[in-house]
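Asks: Each chain is listed here by its residues.
Protein chains: 4
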Amino acid sequence: FFIDILDKEEALSTLSITVVGASGDLAKKKIFPALFALYYEDCLPKNFIVFGYARSKLTDEELRNIISTTLTCRIDKRENCKDKMEQFLKRCFYHSGEYNSEENFAELDSKLKKKEAGKLSNRLFYLSIPPNIFVDVVRCASMKASSAYGWTRVIVEKPFGRDSESSAELTRCLKKYLTEDQIFRIDHYLGKELVENLSVLRFSNLIFEPLWSRNYIRNVQFIFSEDFGTEGRGGYFDNYGIIRDIMQNHLLQILALFAMETPVSLDAEDVRNEKVKVLRSMKPLELEDVIIGQYKGHNKGGRAYPGYTDDSTVPKNSITPTFAAAALFINNARWDGVPFLMKAGKALHRKRAEIRVQFRHVPGNLYKRNFGTDLDKATNELVLRVQPDEAIYLKINNKVPGLGMRLDRSDLNLLYRARYPTEIPDAYERLLLDAIAGERRLFIRSDELDAAWSLFTPLLKELEAKKIAPELYPYGSRGPVGAHYLAAKYNVRWGDLGGEDD
Amino acid sequence: FFIDILDKEEALSTLSITVVGASGDLAKKKIFPALFALYYEDCLPKNFIVFGYARSKLTDEELRNIISTTLTCRIDKRENCKDKMEQFLKRCFYHSGEYNSEENFAELDSKLKKKEAGKLSNRLFYLSIPPNIFVDVVRCASMKASSAYGWTRVIVEKPFGRDSESSAELTRCLKKYLTEDQIFRIDHYLGKELVENLSVLRFSNLIFEPLWSRNYIRNVQFIFSEDFGTEGRGGYFDNYGIIRDIMQNHLLQILALFAMETPVSLDAEDVRNEKVKVLRSMKPLELEDVIIGQYKGHNKGGRAYPGYTDDSTVPKNSITPTFAAAALFINNARWDGVPFLMKAGKALHRKRAEIRVQFRHVPGNLYKRNFGTDLDKATNELVLRVQPDEAIYLKINNKVPGLGMRLDRSDLNLLYRARYPTEIPDAYERLLLDAIAGERRLFIRSDELDAAWSLFTPLLKELEAKKIAPELYPYGSRGPVGAHYLAAKYNVRWGDLGGEDD
Amino acid sequence: FFIDILDKEEALSTLSITVVGASGDLAKKKIFPALFALYYEDCLPKNFIVFGYARSKLTDEELRNIISTTLTCRIDKRENCKDKMEQFLKRCFYHSGEYNSEENFAELDSKLKKKEAGKLSNRLFYLSIPPNIFVDVVRCASMKASSAYGWTRVIVEKPFGRDSESSAELTRCLKKYLTEDQIFRIDHYLGKELVENLSVLRFSNLIFEPLWSRNYIRNVQFIFSEDFGTEGRGGYFDNYGIIRDIMQNHLLQILALFAMETPVSLDAEDVRNEKVKVLRSMKPLELEDVIIGQYKGHNKGGRAYPGYTDDSTVPKNSITPTFAAAALFINNARWDGVPFLMKAGKALHRKRAEIRVQFRHVPGNLYKRNFGTDLDKATNELVLRVQPDEAIYLKINNKVPGLGMRLDRSDLNLLYRARYPTEIPDAYERLLLDAIAGERRLFIRSDELDAAWSLFTPLLKELEAKKIAPELYPYGSRGPVGAHYLAAKYNVRWGDLGGEDD
Amino acid sequence: FFIDILDKEEALSTLSITVVGASGDLAKKKIFPALFALYYEDCLPKNFIVFGYARSKLTDEELRNIISTTLTCRIDKRENCKDKMEQFLKRCFYHSGEYNSEENFAELDSKLKKKEAGKLSNRLFYLSIPPNIFVDVVRCASMKASSAYGWTRVIVEKPFGRDSESSAELTRCLKKYLTEDQIFRIDHYLGKELVENLSVLRFSNLIFEPLWSRNYIRNVQFIFSEDFGTEGRGGYFDNYGIIRDIMQNHLLQILALFAMETPVSLDAEDVRNEKVKVLRSMKPLELEDVIIGQYKGHNKGGRAYPGYTDDSTVPKNSITPTFAAAALFINNARWDGVPFLMKAGKALHRKRAEIRVQFRHVPGNLYKRNFGTDLDKATNELVLRVQPDEAIYLKINNKVPGLGMRLDRSDLNLLYRARYPTEIPDAYERLLLDAIAGERRLFIRSDELDAAWSLFTPLLKELEAKKIAPELYPYGSRGPVGAHYLAAKYNVRWGDLGGEDD
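Residue numbers (this note's numbering), protein chains in the order written: chain B, 564 to 1065; chain Y, 564 to 1065; chain V, 564 to 1065; chain P, 564 to 1065.
None of these hints come from the bench; they were simulated from the model. Heads up, the beta-carbon is just placed ideally off N, CA and C, and yes, glycines get one too. Hints should not be assumed to be uniformly reliable.
Stated by the list, open to error - Example chain P residues on the side facing chain B (calculated, C-beta under 8 angstroms, incomplete):
1) Glu824
2) Thr825
3) Val827
4) Asn836
5) Arg843
6) Lys846
7) Ala896
8) His912
Stated by the list, open to error - Calculated lysine to aspartate or glutamate pairs in the EDC-like style (CA-CA distance at most 16 angstroms, straight line):
9) P:Lys931 x V:Asp830
10) B:Lys931 x Y:Asp830
11) V:Lys931 x B:Asp899
12) B:Lys931 x V:Asp899
13) P:Lys931 x Y:Asp899
14) P:Lys620 x P:Glu670
15) Y:Lys931 x P:Asp899
16) V:Lys931 x P:Glu670
17) B:Lys674 x B:Asp623
18) Y:Lys931 x B:Asp830
Kindly produce the complete structure, drawing on both the sequences and the hints.
Replies: Structure follows, in C-alpha cells:
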C-alpha cells in the first residue's frame, strides 16, 4: 500500500540513499544489489539517487564499475536486465570523505541538494561501517546533511555495543543527533521470509495458537550453524564472539517473535511492544545454563581444516567462543517452565538455520506400545527452516500402511521452493524497502535492545571475568558434547542431531 | 502379535475358509484375491484350506480356473508369484449345494473333516450371498458344519436389513444360531488404511486432540462420490438406494470413529463401546436436513451418458435416490452444534472419498485485511483422502514469499504413495485377517447396528411414505443444487467443490 | 417420575420388602427407619408390606416393638408423625427361619402370597446378614420365594469378597440364582447427597469441566477419618481391615465418579460403563505407594483410649491395618500423572469425609511475591465435604481489603445446612427407593466390582504374604507419619492437616 | 514498601498537599477525611502539611472548623481519635487566592517554603475545581509554586474534556506545564477494593484464567445504578450526561481491567499498556448499540418524586440522558463476539454497582431436562459487587438435597463484610496514598484517555447532532424498556433484573 502513497508524492519528492562505507564488503555484496533489485522490481520511487560515501578516492564511474560486478537479476525474469542495470548505475554517485568530517558531509549535502533540484527530499543513510565511527558519522550526517524538509533516516547494522552499558551509551549518543523515529537498527535475520511468516503462521491459522503454550510445547530450539570458520577474517569476530554475534541479536529476536503474545495490531509499535514484553519476562542467563566451544583444527578426507586460533587475524590464545548453546526461560503464564534452547556455531558439520518446536508426549497414549522404546521419537515436532532452504514441516505419527499396526513418524511438509517457484527476495531488499516506507516493524527499538542486552550482559561479563575456556571441538564436527549435556539437563534432545535426515 | 499365537498352535490346528456364494462377483474380485494375498504374505496359518460353496455344479479344478484369473501379486514383489499361486490354488476346493439344505452342508462338513485330518479345526464362513438367504445359510452352516472343537465364525456383508425392524429381526435370527462373538459384520470401508489411520492420527499425535472439538472445528464433511452409475446392475441397488448403501453404514461408521471419545484401550469392545456412545448421542435425521437426488441422462463430448432409470434393471418410475446429502448433529459436550455433513452419490463428475475437517475462523484475526474478501477460504482445513489415492493434507495460511504481505493457503501434505512406496493392502485382506485372528475392532456389533439404524430409519420411512421425488442431476455433474442449499443452511461450503484442485 | 409410574400400577400391584437379618443392628438402625421415612414421605407404593426374617423366634408384635424404638420423623415436619408410625408398623411382619432352609423360605412365600392377595407382586429382599450366608439365602429366596409375576430383586451389602477370586466366586454363585438385573450391590456412600451432587457439579456447570484435568488439577484427595475405634466390635473388622472396609469400595467408587468421562446419558448403564472405564485405566496399587497404620492406646486429658489390639474381639497380635493411605494413578489422557490420594482411618483426631481437589500453581504468577514463602498455600482448592456436615467450598486468593497489596486465601462457600434448611435424607432412603424403582445407577455392577478388586488384590495379597506390620499411631492422633512421606513423594500436602481450620 | 523508603527520607523531606478548591463539597466530604484517615493510619510521612486554597477569605482556624465536621475515625479503632484529629488539624492551613493569579500562587509558595523549613520538599496539588479553570491553576501552580528540589504532582478529577478534541486540547495544555509523570488523572472507581481485587482474582487464581475468554464467557455486564436523581444539583450534570459522567470513564476503566491481557508485571506502565491495548481493540460505539433514557416524575407510596427536568438547575427542555445502556465489542482473539454490556442510570429502583460475568450454556448438557424450561437461568454467573456492599459470588448449579433429582442454582459466595470485619478504606485514601508514593497504576495515562474518548466521541456527537430524545422512565423504576431490547438483540438478559434477589 505504501507504494500507492509514494505514487502520489513521487512526482514532487526525491529519495537519496547514501551508503556510508561504500567500499566495504557488505555494501558491495548486499546493499547495492538489494537496491538494484528493488529498482528492478519497481519498488523505488521515481526520483531516487544512490550515493556512495567512503574515504577512498573514487570517481562516480569507478564506483559504478565496482558495484556493477555484483548486481544480478532474478533468475526467473531476466528480460531487460542489462538495460535496467545501466539505468540504475546512472543514478549512482560517489563522494569521498572522512567519516568524522562535518565539512565533507556538508559537501555531500551540496551535491545531494543539486540532484534533488528543489523537490521535497527524503534522505536515507545506510551506515555500513565499523561501530567505533557510528557516532561520528551520525553527528556529521545529522548536522550537515539532514534533509531540510523531508525525512532523514539512518540505518545502522550490529554490533550495537558489547553489553548493556556500551549499548546504552551508543543509544544515548545517537539520540543526541537523532530521534527514535530516525534510527533503524537492522537485524537482517528479521527480513527472512520464514521469520516474517512466523507471525503469519501463528496468528492467521486457528490450529497453531491453541497449541502455542506450555500445555503442549515441551521445548523450542533455535539453531544456527555454519559449515565454515572465520577463514582469515576473524579479527572483528574475535572481539565479539558467537554469543554477541548471533545469539543476543538474531536468535533472541526470533525467539521474541516466536514467543510474544498476540499484538493488538501488526503496526510496528504494537509488535515491538510485545517483543519487549516477552524479553522482559525472561530470566537472565546464568553461566550454568550456557556451554561455549571453540573449533580446533581437523584433518578429514585428506584435507586439513584450520582451527580458530590458526586464523592469522585471531590471537593465538584467544578464548573467544565460536560456538555456544544456552537454555533460556520465560517466566510468564504462557511459557513458565518451557526450555528455550539456542545453539549457534561456526565450523560445524552442516549449514543450518531453523526453529524446532517439540511438542509434549501424548498423555495416557493408547499407542505407546506401538512405538517401541524411544518415546521421544514419537512426539510431534514443527520445524521452520530458514537454511539451507526455506521449508516448514510438521512431524506426525502415522500408521505404516500394511497389515498389522506399526506406527512411524512422517512429515506433513511444505517446501517453499516447490510451492513458490519464484525467487525469494533477499532480506536486505525487504528491510531497505521498509526503511524507505517508514515501516519499523522489523527494526529494533531502543528498549528492545536494552532488554536484550540485559539478558546477556551478566553472563558475558562473568565469562570474561572468569576467563572461562571454551570446549574445543573439531572443525566440521557436531560441536562440543557439552551442548548435549546442557540439553539433557532439561530433558531435551537437539532436533537437528537425530539419526535420520531430520 | 496374533501371528505368534498362531505359530504355536498351527502345527496342531487347521483353518478352513468357506466362501459361500463362491461363484459371485465379489467372491471372484475381492475375496479369493484377498485370501491369496494373505497367503502370499505368509499371513495365513500353515494348515489352511479354502472351500467355495454355491449352487452351480463345478469341479475343484473349474473353481481354480475361475479364480486364478483374478489373483494378482503385489506389484512391488513379484518373485515366486507363479509358484505361490499354484500352491494356493491347490488348497482351494469346491462344494456344490443349495443354500438352505442342511444335507448339503452336512456333506460339506464331511469334506472339511477329511481335510482337517483330526486336527483342531477352526472354520470361517464368508457369506457372499443375497440377504434373503443369510439366515438359511447360517442355520445350515451352524447346525451341520460348525467346528466341533475349534471356533466357527461367520462373516456377513451388508445389507444388514432395510431399517431398524428388519435389521433387528435379522440379528434375532442370526443369534438363534450364533453368539455375538461368532458374527463378523463386515464394512469394508473400515478396512481402509486411512480409516485405520484416523484413530492413530487423533490419539498418537498431541497436536490434534486439543483441536478436536466444537471450540475449533466448524464442520466436518464425509464425502463419497463415484464417477459412474449403476451401469446395467441397478437391480439390487434400486431396492436400497444410496442412503442405505453408503451413508447409513460406510459414512456413519467413519463419522463414529472420527467423533468418538478416546477409548480406554484399542480393544475391540472398548472401541465399539465408544462408537455406540457417539451414535447414541446423535440427533435422529430429519427430512429437512436431507437432500436426495437421482441422475438423469446427459450428453457430453459427443457421448451420451444414460440416466438412472435408463438402466434396464431399474423400474422406469423409480424414485430411488442415487445421491443424498445430510446434516447430522451430535448432542454431546464435544460436538454440540457442529454440523457433520455427509454426501454420497453416483454418476458424479469425480471419484472421491474423503473426510474434510473445516476449522473455525481465527478470532479477532490480525490478518483479516490481508486475505481479501473470502474469509472462508482462509480457514484451516484437514483433509483425509481415501480415494482416488490415499493422502492427508492440512491447509494452512502462509505469507506468499516476496515483498509486501500477501497471504495464501498452502498445503502441508503427506501423500501416501510418495512416502510409502509399497502397495497398500486391500481392505478385504485386513478384515479377513482380523476375522481369522478374532480381532473384532473393525466389525460392527449388534448394538452399533441398532444405533445406526435408529438414526436413519425414521427418515427412510418418511421418504418412502411421502414418496419424495429426488432432484434430478445430469450424469457427470456435481450433483443436485439442493446439496449446496443444505450446506449453506448451516454456514457450510462443501470442501470438494472449491475452484482450485482442492 | 417413577412415582408416576408406580401410581398407575399401584392399585394392581404390591411391593413386599423382606429384610433378611431383621434382628441385626443395621436393620434396626438404618433399614427400618429408612423404610419408614420413605413411607412418611409418600414414596412407597400404596400396597406394600415389610417382612422381617431372622432366626430368632419373634412375633410380629415383638418385631414392631423393636423397630418402633428407632423410627424417627423429620425434624422439620413432625405432624401426624405418631399416626404415620402406627400405620407403618401395622404393615410390618415377621417370619422366623433358618438362612439355609428352603422350607422356611417356602413358608415365607406362603405368607407373602396371602398378603399380596392375588395382585401383581414385586419382591425386594434386603440381605442384612454376614457374607458367608449370602449364597444360601439367595438360593433359598430365589428358588422358593421369588415373585411369580412381578420382579424379584436382592440388595446385598459389602463385603463382596475379600479379593478378586473370592469376589468372582461370590458373583458366580449369585448368578446361578439371579440375573445381573436382579442384584443390587449397595454402597451406602453412593447414596450421600454430595456424592450425587458430584456429577451435577461437574456436568451441569460450565466452569468446572474445563478445569477437570491434569492441565489444572495437581492432585485429588479422598479422605475418610473416624474419631473412634472398633470399640469392642472389632471381630468382623479384623478379618477385613481398613483397605477392604473403606478404600476398595467407598473411596474407590467416589474416585470413579470423580474422574470418569462424561457419560452419554445419566442412565445407570451409561454411568456404570464410564466408571468401569476409569477403573480399568488405573495402575494397580503397589506396596511402595501404600502406608498402613494401626492405632495404639493413648492417654489424653486424664482419659485412657484403648489401642486396637486392646479390643477383646481382636487377636492380640493382629496386624490388620486400621489406617491406610495410598497413591493411585489413572493412565488416561485426562489424568496422566495426577496423584489421586486416599486416606482412611479409625481413631483419628477428627471425623471427616471429603474430597479435596488441589489445583496447580498459577504459571508465571504475577503475584508471587505477594504471597510470602509458602506457595502451596496459594493454590486454589475445591473441597466437597460429606462429613461432619455437607458443604462445598472453593478456596480462592483475594486481596485483603486495606491499603497495600496483601493477598490471602478466602473461601467461596456453600454450606448445605444454611442454604437448604430441610433435613437431608439418609443415604439408605435414596438407595432403597432406587432399588424399588429399578434405578441401578448407584449400585455396583459385577464388572465394576471386578475392576475394583483387580486394583487392590495384588497389594492385599502382598501385605498378607509379607506380614507387613502397620505403623502404630496414638488413638486420637493425626495418623502415622508415613502418610505424610507418601504424599510428599508426589509433592502433595494433605489438605485436611493445614494449620487453619481447613 | 514505599513506606520504608519514605522512612529513610522523611527526616529530611516534607510533603505538602494543597487542596485547590478547598471550600468545595468534594474537598470537605472526601479529600480532607481521606487525608485524615491516612494520617490516622500512619501512612503519611512524618513532615507533612495540608493547605487549603480557594477564593473565599478564610483563616486557618475557619478552615479547620469546617473540615473538622467531616473527619471520622474508623469504626473499629476509635482510640485516641480525638487527639489525632487535633494533631491533624494543626497541620492544616489555608491560603485564599484567585485561581488564575500567578501572584497568589507565588504567595502560597512563600508560605509553603516557610513551613518546609529548608527540607527537601515534595508537593502535591489536588485540583478539586471545575474543568474550565484546570489549565489556569496548573499554569500558576506549576510556574510559581513548584517544588525546587523534590517532586511536584497534580491530581485532577474528571471531567477530562467532553470529547476527543477537548480532551486532547486539555492534555496539550496541561503538558505545556507538566510532564506526563506529574499528571495524576484520578478515577475514584479504580480505587475501590473490588476493582483492585479484580486483577488479583484473575491472575492469582488458576481457576479463573482458563475460563476468561469467548470460549466460556457469554457476556459481561457492567452495571451502575443510583436510587436518586440530581436533586437540585443538576447544573453540572446536564452539561455532561450519564455517558460522559459514568460510562466513558468509570465503567470503561473497569471493562479495560476486566478484559486486558496479562501484563508483564504489576508496574503502572505495564498495566496501563495492557489497558490501552484492549481499548484500542474495541469497536467504536454506534448509535444502534446504545439506548438513552431520562427519568420523569413519579408518585409512589403517597410521595412525589421529581423528574429530571423538574430540577430547577436543569433546562426545561433538556434531552441530557440520565440513563444509558450500551453494547460494546472487543475485536481481539480473546473476546471476539462477546457482548460487553454497560448500563448506568440515576433515579432507578436500586443502588447497585457490579460486574456480572455470564458463562455459556453447558454444551450437550446431560441435565437439561432437570432444569425446566428456562435454560438461561441455569448458566453459571460470577458477580463482583461493589455496591451496596462489596461481595463476590459465583452462581452454580446444584442438586437440591432430597430424593429425586431436582437442580437449582446456589451461590458460592464471599461477603467482604463477613470475611473481613475491618472497615474497607475509602477509594480516595488509596488513590491519595498512591499519588504520594508515585504509584501510577490506578491513574489514567494520556493515551488511555485518548483511546477511551475515541470510542465514545462519534456516538456522543451523533446523539447531539441528531438531538436524539431519551426514552422517559419513571423515577424509581427499572429504567427504560429499550435497555431490554438492546440486551435481547445480543441474546443477553440483564443479570440485575432477575426475579430473585440476584
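Asks: For each hint, tell me whether it holds in the structure or not.
Replies: Here is how each hint holds up against the structure:
1. Glu824: holds (6 angstroms)
2. Thr825: holds (6 angstroms)
3. Val827: With a minimum Cβ separation of about 4 angstroms from chain B (threshold 8 angstroms), the hint on Val827 of chain P holds.
4. Asn836: Hint on Asn836 of chain P: holds, closest Cβ of chain B at ~7 angstroms, below 8 angstroms.
5. Arg843: holds (5 angstroms)
6. Lys846: Cβ of Lys846 of chain P sits 13 angstroms from chain B, so the hint is violated.
7. Ala896: This hint holds: Ala896 of chain P lies near chain B, its Cβ roughly 5 angstroms from the closest one there, short of 8 angstroms.
8. His912: violated (39 angstroms)
9. P:Lys931 x V:Asp830: With a Cα-Cα distance of about 14 angstroms, the restraint between Lys931 of chain P and Asp830 of chain V holds, given a limit of 16 angstroms.
10. B:Lys931 x Y:Asp830: Within the cut-off at roughly 14 angstroms; holds.
11. V:Lys931 x B:Asp899: holds (13 angstroms)
12. B:Lys931 x V:Asp899: holds (13 angstroms)
13. P:Lys931 x Y:Asp899: holds (13 angstroms)
14. P:Lys620 x P:Glu670: holds (15 angstroms)
15. Y:Lys931 x P:Asp899: Distance ~13 angstroms between Lys931 of chain Y and Asp899 of chain P Cα, so the pair holds.
16. V:Lys931 x P:Glu670: violated (49 angstroms)
17. B:Lys674 x B:Asp623: With Cα atoms ~12 angstroms apart, Lys674 of chain B and Asp623 of chain B stay inside 16 angstroms; holds.
18. Y:Lys931 x B:Asp830: Between Lys931 of chain Y and Asp830 of chain B the Cα gap is close to 14 angstroms, so the pair holds against 16 angstroms.
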